[in-house]
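Can you build the whole structure from these sequences, using the hints too?
Number of protein chains: 2
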Amino acid sequence: MIHAGFDIGGTNIKAGLVDDQGRITVKRNVPFPKEEYHSCIAVMERLIADMLTEAGLGRSAIADIGIAVPGSIDPSGSVVLNAYNLGFHNVPLREELQKRYPEIPVGLANDANAAALAELYGGVFEGCRTAVLLTLGTGVGSGLILNGKMFNGGCGRGVEIGHMTLLHGGPACTCGNLGCIESVCTATWLTARGREEAARHPQGAVAKAAGGLIEHVNAKTVVDCAKGGDPAAKAIFDTYVDHLSSAVASIASMLDPEVIALGGGVSLAGDFLYEPLRTQVKEKVFFRCDYTIVPASMGNDAGTIGAAMLCSHAANA
Amino acid sequence: MIHAGFDIGGTNIKAGLVDDQGRITVKRNVPFPKEEYHSCIAVMERLIADMLTEAGLGRSAIADIGIAVPGSIDPSGSVVLNAYNLGFHNVPLREELQKRYPEIPVGLANDANAAALAELYGGVFEGCRTAVLLTLGTGVGSGLILNGKMFNGGCGRGVEIGHMTLLHGGPACTCGNLGCIESVCTATWLTARGREEAARHPQGAVAKAAGGLIEHVNAKTVVDCAKGGDPAAKAIFDTYVDHLSSAVASIASMLDPEVIALGGGVSLAGDFLYEPLRTQVKEKVFFRCDYTIVPASMGNDAGTIGAAMLCSHAANA
Chain A
15 MIHAGFDIGG TNIKAGLVDD QGRITVKRNV PFPKEEYHSC IAVMERLIAD
65 MLTEAGLGRS AIADIGIAVP GSIDPSGSVV LNAYNLGFHN VPLREELQKR
115 YPEIPVGLAN DANAAALAEL YGGVFEGCRT AVLLTLGTGV GSGLILNGKM
165 FNGGCGRGVE IGHMTLLHGG PACTCGNLGC IESVCTATWL TARGREEAAR
215 HPQGAVAKAA GGLIEHVNAK TVVDCAKGGD PAAKAIFDTY VDHLSSAVAS
265 IASMLDPEVI ALGGGVSLAG DFLYEPLRTQ VKEKVFFRCD YTIVPASMGN
315 DAGTIGAAML CSHAANA
Chain B
15 MIHAGFDIGG TNIKAGLVDD QGRITVKRNV PFPKEEYHSC IAVMERLIAD
65 MLTEAGLGRS AIADIGIAVP GSIDPSGSVV LNAYNLGFHN VPLREELQKR
115 YPEIPVGLAN DANAAALAEL YGGVFEGCRT AVLLTLGTGV GSGLILNGKM
165 FNGGCGRGVE IGHMTLLHGG PACTCGNLGC IESVCTATWL TARGREEAAR
215 HPQGAVAKAA GGLIEHVNAK TVVDCAKGGD PAAKAIFDTY VDHLSSAVAS
265 IASMLDPEVI ALGGGVSLAG DFLYEPLRTQ VKEKVFFRCD YTIVPASMGN
315 DAGTIGAAML CSHAANA
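Respectively, the protein sequence lines represent chains A and B.
With the numbering used here as the guide, the letters of the first sequence map in order to residues 15 to 331.
With the numbering used here as the guide, the letters of the second sequence map in order to residues 15 to 331.
Keep in mind the hints are simulated off the structure, nothing from the lab.
Note that the coordinates shown come from a computational prediction; the quantities given were computed from them, not determined experimentally.
Keep in mind that the hints are not guaranteed to be accurate.
As the list claims (entries may be wrong) - Among chain B residues calculated to face chain A with C-beta under 7 Å, some are: (1) N161; (2) G168; (3) C169; (4) E174; (5) I175; (6) H177; (7) L180; (8) H182; (9) S260; (10) M268; (11) L269; (12) D270; (13) E272; (14) K298.
Ideal Cβ positions, reconstructed from N, Cα and C, are used throughout, including at glycine.
This is the structure:
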């Protein structure tokens with residue numbers, strides 16, 4: 015049997031047919047139709063038919079279908095409450111796709127939850143009972159494995175580690191609160207500090223790396239300049255690691271997880287990030303011990319694979 | 015069958031015989047012998063014999079024995095790694111008691127974990143899959159129920175919510191880190207701010223309530239003066255609730271628990287604490303919803319009952 019997975023983003027819809035071991039056998043990547051949600055359903059139907067043709071399989075080969083979206087899901091797992099990048103608000107996405115496939119179970123989850131689930135199937139969470147995924151991008155996404163299963167909040171509302179307070183009374187967060195992890199641990203934060211630096215020092219390394227165009231400075235510019243030894247970029251990056259290590263140490267003091275995985279753009283900074291991060295987490299965590307802090311392994315396929323495994327995973331619970 | 019529980023504190027050892035429903039049938043409270051740990055073992059043996067006599071039972075009536083201590087336990091649940099108030103460091107407490115009762119299972123746990131377990135048996139966590147206990151006293155203790163079971167960290171090192179960062183770069187915490195929840199959400203913090211206020215304003219309400227003796231000011235003095243309408247005490251209390259609500263909202267954004275219970279001295283402040291706390295948690299939590307935030311229900315018996323249920327609880331896992 016094969017599992018169909020969809021990872022719906024504001025730019026692209028990724029789709030895949032995935033085997034029982036969580037390996038993608040066929041995949042697709044098409045633009046997200048920026049229209050009302052029935053267009054998205056139509057694209058998903060077409061993608062399933064198209065992938066089945068490539069695989070030489072009939073519709074009856076599909077065991078189940080899963081959908082990952084960047085947003086909040088209602089506790090029953092049926093409705094996308096809010097997915098701002100998709101323009102989806104109170105969209106009954108699971109039911110609508112289910113109508114097209116009445117004989118096949120359909121599941122729906124937050125994309126960071128799905129990514130954590132993907133890591134459980136052959137990724138860095140394989141065999142874990144307790145594990146944490148943080149995605150460091152525009153925002154901070156999070157997925158938890160508890161008791162060897164994907165966890166979606168005790169009341170089913172989600173897992174929003176990015177909106178835990180790290181700096182009480184600190185910078186305003188997109189959520190309306192102050193000093194959330196998301197307000198200081200994102201690529202967005204690195205970009206903003208980098209642009210400030212470029213504006214302050216037009217002849218500095220950060221400004222030069224962006225060809226003198228402040229709006230071309232991004233998180234990678236700051237990381238690259240810090241790696242290259244520029245003191246201003248290094249100071250920004252050090253502050254970032256200080257924040258992130260406090261966030262990771264906090265999670266470790268609470269859950270003492272077997273593995274902490276980082277995804278998203280910032281996680282690509284390599285040992286330049288992981289080495290000081292591991293050292294500082296050990297210094298800050300209550301247990302003063304080494305934690306396994308590693309890059310997430312599923313990359314761009316994480317959401318698709320996790321989505322594909324949703325129904326069979328739940329069936330094991 | 016009956017379960018024997020011990021709650022060992024730096025001042026007293028509490029002991030009880032507890033039935034399968036988590037009700038204490040016989041209990042004792044004796045001074046903690048401030049000597050090396052064998053004295054403590056001897057006291058525990060004597061207490062068991064004494065309670066069995068009162069209950070009219072023989073030793074064979076005891077199904078199992080549990081011990082709760084205010085400190086960290088090794089992942090195997092045998093050794094007290096550090097319990098500062100007891101002067102216990104690397105003490106094989108479980109094994110030593112086990113030698114005296116070779117035929118009876120003996121368990122060992124952190125006292126806040128035990129208190130959370132007690133709430134699961136007929137307390138405010140009854141029927142819960144996901145619940146959080148915070149004890150607000152000299153420090154901030156914590157216990158988690160995950161998947162309907164007591165959780166002691168994914169690697170067995172414990173659950174130290176009090177040492178999550180709330181105020182990055184903030185006040186020094188007893189653990190050596192900066193800005194932990196414990197550094198700003200304890201009775202100790204209220205006491206310190208109250209004494210500063212009494213020193214600043216010797217004619218103020220706080221100083222007067224303590225008979226002019228600054229060292230007599232404690233957390234209760236501040237709470238009572240705030241309740242009485244003193245603006246200085248109210249400002250301190252409001253800051254405390256602001257910190258505590260950010261801590262509770264952070265936990266709720268991560269775990270979305272069914273119940274959050276508060277224990278310890280500060281939790282006795284009643285609706286004066288709970289009403290603003292619930293309002294602010296709703297304003298701060300990512301999901302912007304009401305959470306069930308209630309006083310812990312087991313009071314002084316929590317550790318004893320939880321300890322008594324340790325072995326039978328684990329046996330159900």
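Indices of hints not satisfied (ascending): The structure breaks none of the hints.
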